[in-house]
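J.: Numbering-wise (UniProt numbering), the sequence shown opens with residue 1 and increments by one.
Hints were generated in silico from the structure; no laboratory data involved. Only a predicted model underlies this, so the values are computations on that prediction, with no experimental measurement involved. Just so you know, not all the hints are guaranteed correct.
As the list claims (entries may be wrong) - Under the rule of at most 30 angstroms between Cα atoms (straight-line distance), these lysine-lysine pairs were calculated in the DSSO-like manner: (1) 166 with 50; (2) 68 with 50; (3) 146 with 128; (4) 2 with 50; (5) 14 with 166; (6) 50 with 164; (7) 2 with 13; (8) 50 with 3; (9) 101 with 66; (10) 89 with 146; (11) 2 with 14; (12) 166 with 101; (13) 68 with 146; (14) 128 with 101; (15) 66 with 89; (16) 128 with 68; (17) 146 with 14; (18) 3 with 66; (19) 128 with 13; (20) 50 with 101; (21) 174 with 3; (22) 128 with 14; (23) 2 with 174; (24) 50 with 146; (25) 13 with 3.
Unchecked claim - Computed spacing ranges between beta-carbons, pair by pair: (26) 55 with 158: 42 to 52 angstroms; (27) 86 with 155: 23 to 33 angstroms; (28) 134 with 175: 27 to 37 angstroms; (29) 55 with 175: 30 to 40 angstroms; (30) 1 with 47: 15 to 25 angstroms; (31) 29 with 126: 24 to 34 angstroms; (32) 53 with 157: 44 to 54 angstroms; (33) 96 with 39: 17 to 27 angstroms; (34) 44 with 115: 26 to 36 angstroms; (35) 49 with 157: 23 to 33 angstroms; (36) 158 with 49: 43 to 53 angstroms; (37) 42 with 101: 22 to 32 angstroms; (38) 30 with 97: 10 to 20 angstroms.
For each residue, glycine too, the CB sits at the ideal point set by N, CA and C.
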Amino acid sequence: MKKIIAFAGSNSKKSINKQLVIYASGLLEETEVSVLDLNDYPLPIYGVDKEMEEGIPENAVIFLEKIKEADGIAVSLAEHNGNFTVAFKNIIDWMSRIEQKVWHNKPMLLLSTSPGGRGGASSMAIAKNGFPHMGANVIADFSLPKFYDNFNDGRIVNEEFNEKIKEAVTTFQKAV
Numbered sequence: 001m002k003k004i005i006a007f008a009g010s011n012s013k014k015s016i017n018k019q020l021v022i023y024a025s026g027l028l029e030e031t032e033v034s035v036l037d038l039n040d041y042p043l044p045i046y047g048v049d050k051e052m053e054e055g056i057p058e059n060a061v062i063f064l065e066k067i068k069e070a071d072g073i074a075v076s077l078a079e080h081n082g083n084f085t086v087a088f089k090n091i092i093d094w095m096s097r098i099e100q101k102v103w104h105n106k107p108m109l110l111l112s113t114s115p116g117g118r119g120g121a122s123s124m125a126i127a128k129n130g131f132p133h134m135g136a137n138v139i140a141d142f143s144l145p146k147f148y149d150n151f152n153d154g155r156i157v158n159e160e161f162n163e164k165i166k167e168a169v170t171t172f173q174k175a176v
């Protein structure tokens, strides 16, 4: 059975991106899905001085190992001021100090959502452009605009968007 890790690029306890990635990963068939939470991997803010003085934190090593052990990755990108959240960027920065190609060429499903009409388009664009340089094999992507209008009771309620996420998940699953 294929192993997928799924997580949101957010440390919000009420993350709408976590809700989206849980929904999407629940659409996968015949897979073992582990939903990770960045809050379970606290890290100091990356800095070269911090690294020189204290080395790489154990939580960065553990998170990177989870990526390496997975057959595929589903990540939903939160957006703060047009970019990744600090928590997400920080864990990537720490992991990249261990291995530059943090995504290990694993098939990846990129997701994003936001309360606004762009659905996290800026963070999605940054990821689609930058992640391949870090070893990502982006297979499919999906962005859900206006989360609170289109998602309810743990699922996408807009049928057009629901069909699009199902297509993205199917494409991803075939690549895993």
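J.: Hint by hint, say whether it matches the structure.
T.: Right, here's what the structure says about each hint:
1. In summary, the hint linking residue 166 to residue 50 is not supported, as the alpha carbons are separated by about 43 angstroms, beyond the 30 angstroms threshold.
2. Restraint check: the Cα-Cα separation between residue 68 and residue 50 comes to about 25 angstroms, which is no more than 30 angstroms; the hinted pair holds.
3. For the proposed pair residue 146 and residue 128, the alpha carbon gap of about 21 angstroms is at most 30 angstroms, so the pair holds.
4. Only pairs whose Cα atoms come within 30 angstroms are accepted, and residue 2 paired with residue 50 is rejected, the gap being roughly 37 angstroms.
5. Under the criterion of a C-alpha separation no larger than 30 angstroms, the hint pairing residue 14 with residue 166 is consistent with the structure, at around 23 angstroms.
6. A distance of roughly 43 angstroms separates the Cα atoms of residue 50 and residue 164; the hinted pair therefore is violated under the 30 angstroms criterion.
7. About 28 angstroms separates the Cα atoms of residue 2 and residue 13, which keeps this hinted pair within 30 angstroms; it holds.
8. Pair hint residue 50 plus residue 3 does not hold up; C-alpha atoms about 33 angstroms apart against a cutoff of 30 angstroms.
9. Of the supplied pair hints, the one linking residue 101 and residue 66 holds, its CA atoms being roughly 14 angstroms apart against a limit of 30 angstroms.
10. Proximity of residue 89 to residue 146 is assessed by CA-CA distance (about 24 angstroms); at most 30 angstroms being required, the pair is judged to hold.
11. Only pairs whose Cα atoms come within 30 angstroms are accepted, and residue 2 paired with residue 14 is accepted, the gap being roughly 28 angstroms.
12. Simply put, residue 166 and residue 101 have alpha-carbon atoms about 28 angstroms apart, close enough for the 30 angstroms limit, and the pair holds.
13. At roughly 33 angstroms between alpha-carbon atoms, residue 68 and residue 146 are farther apart than 30 angstroms, so this suggested pair is violated.
14. Between residue 128 and residue 101, the direct Cα distance comes to roughly 15 angstroms. Compliance with the 30 angstroms bound is thereby established for this hinted pair.
15. With a CA separation close to 17 angstroms, the supplied pair residue 66 and residue 89 stays within the 30 angstroms bound.
16. With a C-alpha separation of about 20 angstroms, the suggested pair residue 128 and residue 68 falls inside the 30 angstroms cut-off, and the hint holds.
17. Between residue 146 and residue 14, the direct Cα distance comes to roughly 16 angstroms. Compliance with the 30 angstroms bound is thereby established for this hinted pair.
18. With a C-alpha separation of about 10 angstroms, the suggested pair residue 3 and residue 66 falls inside the 30 angstroms cut-off, and the hint holds.
19. Simply put, residue 128 and residue 13 have alpha-carbon atoms about 25 angstroms apart, close enough for the 30 angstroms limit, and the pair holds.
20. About 21 angstroms separates the Cα atoms of residue 50 and residue 101, which keeps this hinted pair within 30 angstroms; it holds.
21. At most 30 angstroms may separate the alpha-carbon atoms for a hinted pair to count; residue 174 and residue 3 meet this at roughly 13 angstroms.
22. For the hint linking residue 128 to residue 14, the alpha-carbon distance of about 25 angstroms falls within 30 angstroms, and the restraint holds.
23. Distance restraint check for residue 2 and residue 174: the Cα-Cα separation of roughly 11 angstroms lies within the 30 angstroms cut-off, and the hinted pair is therefore satisfied.
24. Taken as a hint, the residue 50 and residue 146 pair is broken in the structure, with Cα atoms around 39 angstroms apart against an allowance of 30 angstroms.
25. Between residue 13 and residue 3 the CA atoms are separated by roughly 24 angstroms; this keeps the pair inside 30 angstroms, and the hint holds.
26. Against the hinted window of 42 to 52 angstroms, the Cβ-Cβ separation of residue 55 and residue 158 comes to about 47 angstroms, which satisfies the hint.
27. Distance hint for residue 86 and residue 155: a CB-CB separation of about 29 angstroms, consistent with the stated range 23 to 33 angstroms.
28. Distance hint check for residue 134 and residue 175: the Cβ-Cβ separation is about 18 angstroms, which falls outside the suggested range of 27 to 37 angstroms.
29. The hint said 30 to 40 angstroms for the Cβ distance between residue 55 and residue 175, and at roughly 35 angstroms that hint holds.
30. For the hinted restraint 15 to 25 angstroms between residue 1 and residue 47, the CB-CB distance of approximately 40 angstroms leaves it violated.
31. The hinted window of 24 to 34 angstroms between residue 29 and residue 126 holds, with their beta carbons roughly 30 angstroms apart.
32. For the pair residue 53 and residue 157, the beta carbons lie near 50 angstroms from each other, so the given range of 44 to 54 angstroms is met.
33. Taken as a hint, the range 17 to 27 angstroms holds for the pair residue 96 and residue 39, whose Cβ atoms sit roughly 21 angstroms apart.
34. The hinted range of 26 to 36 angstroms is satisfied by residue 44 and residue 115, whose Cβ atoms lie roughly 30 angstroms apart.
35. In this structure the hint that residue 49 and residue 157 lie 23 to 33 angstroms apart at CB is violated, the actual value being about 48 angstroms.
36. At roughly 48 angstroms, the beta-carbon separation of residue 158 and residue 49 lies within the given 43 to 53 angstroms, and the hint holds.
37. Checked against the hint of 22 to 32 angstroms, the C-beta distance between residue 42 and residue 101 comes to roughly 24 angstroms, which is consistent with it.
38. Range check, residue 30 to residue 97: Cβ separation about 35 angstroms, and the 10 to 20 angstroms hint is violated.
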